[in-house]
Amino acid sequence: MSGVNAFRGPWTIAVYTWREGLRKKTLIGFLILSLLVIFGSNFMGSFLNQSTVGSEELDVNLKLVKDICVSTISIFGVLITIFISAAAVPNETENKVIYSILSKPISRLQYLLGKFIGIQFIVIINLALMGLLFFMALWFQQGTLPTLLLWSILLTYFEFLIVSAFTFAISCAATSSVLPTIGGFFIYLTGNLTEYLNDVKIRSGESEEFLDVIIGQTASVLSSILPNLQNFSLKQDILNLQLNDPPSDMQFTRLLIYGVTYAVSGFIIAVWVFRRREL
Amino acid sequence: MKKMPNITLGILLVITLALGSFIGNNLQHLRESEAFYRWLYSAGTNARLFESTSASNQYDDANLYKAFGAVAADQLQNVDWDKVEGLAGPDAFASFGTTPLAELTPEQQVTILTDIPEMDALLWDIARGPGQAENRTSFLDGARESRLEFAKGIKYADAQAGGVNVFNLFFGFRQVAATLLWIKVDTLWHQGNDHAMNPLMKTCVVLDPQFVDAYLLGAWHLAFNVTAKMPATPQPSLVWNEDWQACVGEKETLYYVAADFLKDGIRNNPRNYKLYFDLGYGIYSLKLSDYPNAIRYLEEAVRKPHERWVPRMLYNSYEANDDYAKAIQGWEGYMARFPEDAQSVIDTAPRSIKRNRARHYTQLADDAYNAAQAATDPATEQAKSEEANTYLAQATQIWEEMGDDPVALAQLKKFEAQGMARNGDYMLAITKLDLARWDYPADAFFIEASDLIIDYKILAGMPLSISEKKAQLRNAGGEGCRGKPEPESA
Amino acid sequence: MSVVIKAEGLSKIYESAMGGQDVHALTDLNLEVQSGEILAYLGPNGSGKTTTIKMLLGLIFPTSGSIEILGSKNPTSPAIKKEIGYLPEGAYYPDFLKGEEILKYYGQLYGLSGKDLKMRIDKVIDQVGMQHARKRLLRGYSKGMRQRIGLAQALISDPKILILDEPTTGLDPIARKEIRDIILNLREEGKTLMISSHELLEVELISDRISILFEGVQQTMGTITELLNERELSIEIKAVSDDVLKALAEKGLKAEDQVGERINLRANPSLTTYDAMEICKASNVTIIGVAPRRETLEELFVRVVGGALEAKRS
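Protein sequences, first through last, are from chains A, B and C.
So for the first sequence, this note's numbering puts the first residue at 157; every next one is plus one.
So for the second sequence, this note's numbering puts the first residue at 205; every next one is plus one.
So for the third sequence, this note's numbering puts the first residue at 18; every next one is plus one.
In isolation and in its complexed conformation, chain A is listed as follows (with noise of 0.2 Å):
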């Protein structure tokens, strides 16, 4: 790697891989869906009968705003990241894009950490353009600027970074963004599971059974080794928290910290995989 060019190269990939994406029309669909469905969640509320439109009308409104927005923002968000995330490489490999620019003085590290922050910008202008919608669609709703609704979509910024991570991981060992793209969702859901690993740990833990014991070490080590997503559903509650909540405040940093740890991990198996890859 040459000093100067040790960033530059890979900036430049992550530009030029953004503005492709912006221009893939299943992530356009997504978007224009997404945010349709957003602002249409403002107009949820006139299923309400107007005649009892009260103060407290109106928060039944505002909650159907908060919930649908956040389901929206969670579906479309991961469909768009999963496909931006699971198509980046392949698609080069798969038109040789890649030999032209593999050819150049990038070093294949140097190339991922490009293809990997380019969706990264993509996966940001979505979760921002429909992060903002929402926002306006909050700030008409109850009058107030709704700040905690920017630490949940930060929070959602970081769950779908793990999710990236590792779908870009799949990607990188694939042909096609086929596999990758189901990958994608395999990760996520799995993520969501996690969680119930402990369950099977605990519950296999009752009998003595050397068939339920060995269940229950390896639940008990897949989920401490695997990313638990559901730790994120702290972005739909905060919606609901007050502002200063001690359990909620002491998790965020630590959620940002993780979903950190996890993409890094998940970039390092990319690396991994990519490094020797025959093209």
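Since the hints were made in silico from the structure, they are not lab data.
All figures in this text were calculated on a predicted structure; none of them were measured in a lab.
The beta carbon of each residue, even a glycine, is placed where N, CA and C say it ideally should be.
Some clues are possibly wrong.
To be verified - Covered, in the sense of this in silico footprint (three residues per stretch, anywhere, with C-beta under 8 Å from a C-beta of chain C), are these stretches of chain A: (1) 163-174; (2) 255-265; (3) 424-435.
Said to hold, decoys possible - Some chain B residues judged to face chain A by a derived CB distance under 10 Å, without partners named: (4) L213; (5) A331; (6) Y360; (7) T383; (8) F619; (9) I658.
To be verified - The calculated lysine-lysine pairs, modelled on DSS-like cross-linking and capped at a C-alpha distance of 30 Å, are: (10) C/K263 - A/K252; (11) C/K152 - A/K252; (12) A/K180 - C/K23; (13) C/K268 - A/K252; (14) C/K160 - A/K180; (15) C/K152 - A/K181; (16) A/K252 - C/K23; (17) A/K252 - C/K135.
Since chain A is already given, all that's left is putting chains B and C on it; use the hints.
Leaving out everything else, chains B and C in the frame of chain A:
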């Protein structure tokens, strides 16, 4: 990196995974502690407010909370109370008077932990600390085995019991479903389908126990809208209800159902002042005229972060409960705390203070007058009469100062009538009161005046009207109803 | 002249996953490219040309053997890659970009920026004759234009070495001519070029040296003059019976092909013109014409590859 890339990458991976797993374990501990913390809040609130009234049950909450309290009482001995932030505030410790925290008994200190938000940080430290590790474990086991009632409203704890149920948790569909169901409740209400509403409302809050508006609106529908056109149940039809310790008919049942709904809401959202307020003011004060309970919940509400109108209703309830000193103290504190609330500071608060003072003097005058009546030796009678007249004069002066305030005018008319009655002019007194009760229509005064009229008619030996006879019967019948157990002493 | 690219004992074996036959994509290749020359790297499809090039560029990794580029044993180091321009075969470029944006992107990957980059872009666009289309989106480009922009991106850093994989495949004759001219100009500028191709006619016109690859094995390597048989005699005769042809062949005159009543004979290189004539006369055949001719690259190719094929069969 250059020499042994595989080993380097492998080591890096192991390091990051180890770090991730470390933070993950830490997070899991925090989330378990958070669930425990929220459960403590619910269980503590329940123990403080409802334990005597809730039909005790198969759940373990109370025992576990006691176990927590036993450990926490010791832990609290090491707390430097001066360093706990934000503990000031006139209403903060109403439950224990003005005693400094450090001088409370350990049990009282434990109670306060889940009472005021200023203690949140301390409660959180205790909940996640090693001292409570054992109770935390029993809490998680209890939640897993569905032995804890209040754990059901806490997402993390509830998930422990549920096994694998993806859609319960994914994307927050549960909350969305609850809100959409609420739209159905709203439709049913507008169709007048009251009976279908109730189970659906319950479903809403099972899906989303933090759906505060569902509790509020649901209770409001039950206690106000549904009952609006129902006649009050005639006394002979009232039946004793063991759970509520009250005589209820169809209409009254709805009040108590609404109150129970709000209590469920409070257990699941112990820090939301709106629930306490609606329970205290909406149900106990407005509907059941049970002022001691109203005061109890309104005092809870003001200890949580609240809107300005919450304490105002608390002071009004003090007044209704004849607790004038507390009302005056409250209003004075209010003026100092919210100088920006111009309407209240200039008008409402001073007027309320005067009203309370006048009522206070009236009460003293009545007591002295009754004492004079009961006195056996003339000297005491004389002294008490003079004392009564002095108080009455002070009260009259305050009422007069208040100008055209309808309450003041009504009270002055009442004083005049009472004076006439004392002089034996019952006819004049009755006429005066009869005019006044229609001139200054307020529920409380109407009842007050009507009761006086009945008294004077009896004293004057005049016949009572049908409705007056009914009222007399009702008053004489007291609180009794079918199935009510006889008092022990009888 | 110095050696710019040197491969020694280069082999690539793709191991089959399920215990099947391993694929020997390249076996024991020794290759040298001298500075300033055009090396044509020839072979039928699937003979290992692209495999070799990918190994030179570090896209895949040799099973054994070594590669040295510009004296460095580590061809994937940025300093070396900076000196290599590569035109991949049938490459695709991000088609949401304009011609000059692609060049900007690739230029930035070389660490170029600002004025330098702008100058380089102008220069290479000029070199490949794409001024008219530089501001057009790539998706509107014809195949020839794409190939030219591909050439331009390979040239963007002004590299010493150019590796072109099938630069003229699939292009029409005019486009081929243009690409050929560009390549010749580049040689004039002193670049070293390695061109892989199976379009023999193209290569014969421009290359200095050739290397022929078949089934992963280098069959021959050398300059054109070294490799092509100069002394060759082609004799056209009137059709005769098979017996006569057989007799002729035994004496060194092989029948090549028959067109109507005419048969082309090729004389064994050891025979002089006079000897050949004598044989014809002795066999009593009618000579229509005699022509000395140089062997074409195509013929060499068929000879070499055909030989290898026969050797393999036997």
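So, going through the hints one by one against the coordinates:
1. 163-174: n = 5 at 8 Å, threshold three: holds.
2. 255-265: holds (count 9)
3. 424-435: holds (count 3)
4. L213: holds, 5 Å
5. A331: This interface hint holds because 8 Å falls under the 10 Å limit.
6. Y360: holds, 8 Å
7. T383: holds, 5 Å
8. F619: violated, 40 Å
9. I658: violated, 40 Å
10. C/K263 - A/K252: Distance of about 53 Å is beyond 30 Å: violated.
11. C/K152 - A/K252: holds, 23 Å
12. A/K180 - C/K23: violated, 43 Å
13. C/K268 - A/K252: violated, 54 Å
14. C/K160 - A/K180: holds, 24 Å
15. C/K152 - A/K181: holds, 24 Å
16. A/K252 - C/K23: holds, 26 Å
17. A/K252 - C/K135: holds, 26 Å
Hints 8, 9, 10, 12, 13 from the list above are not met by this structure, while the remaining hints are.
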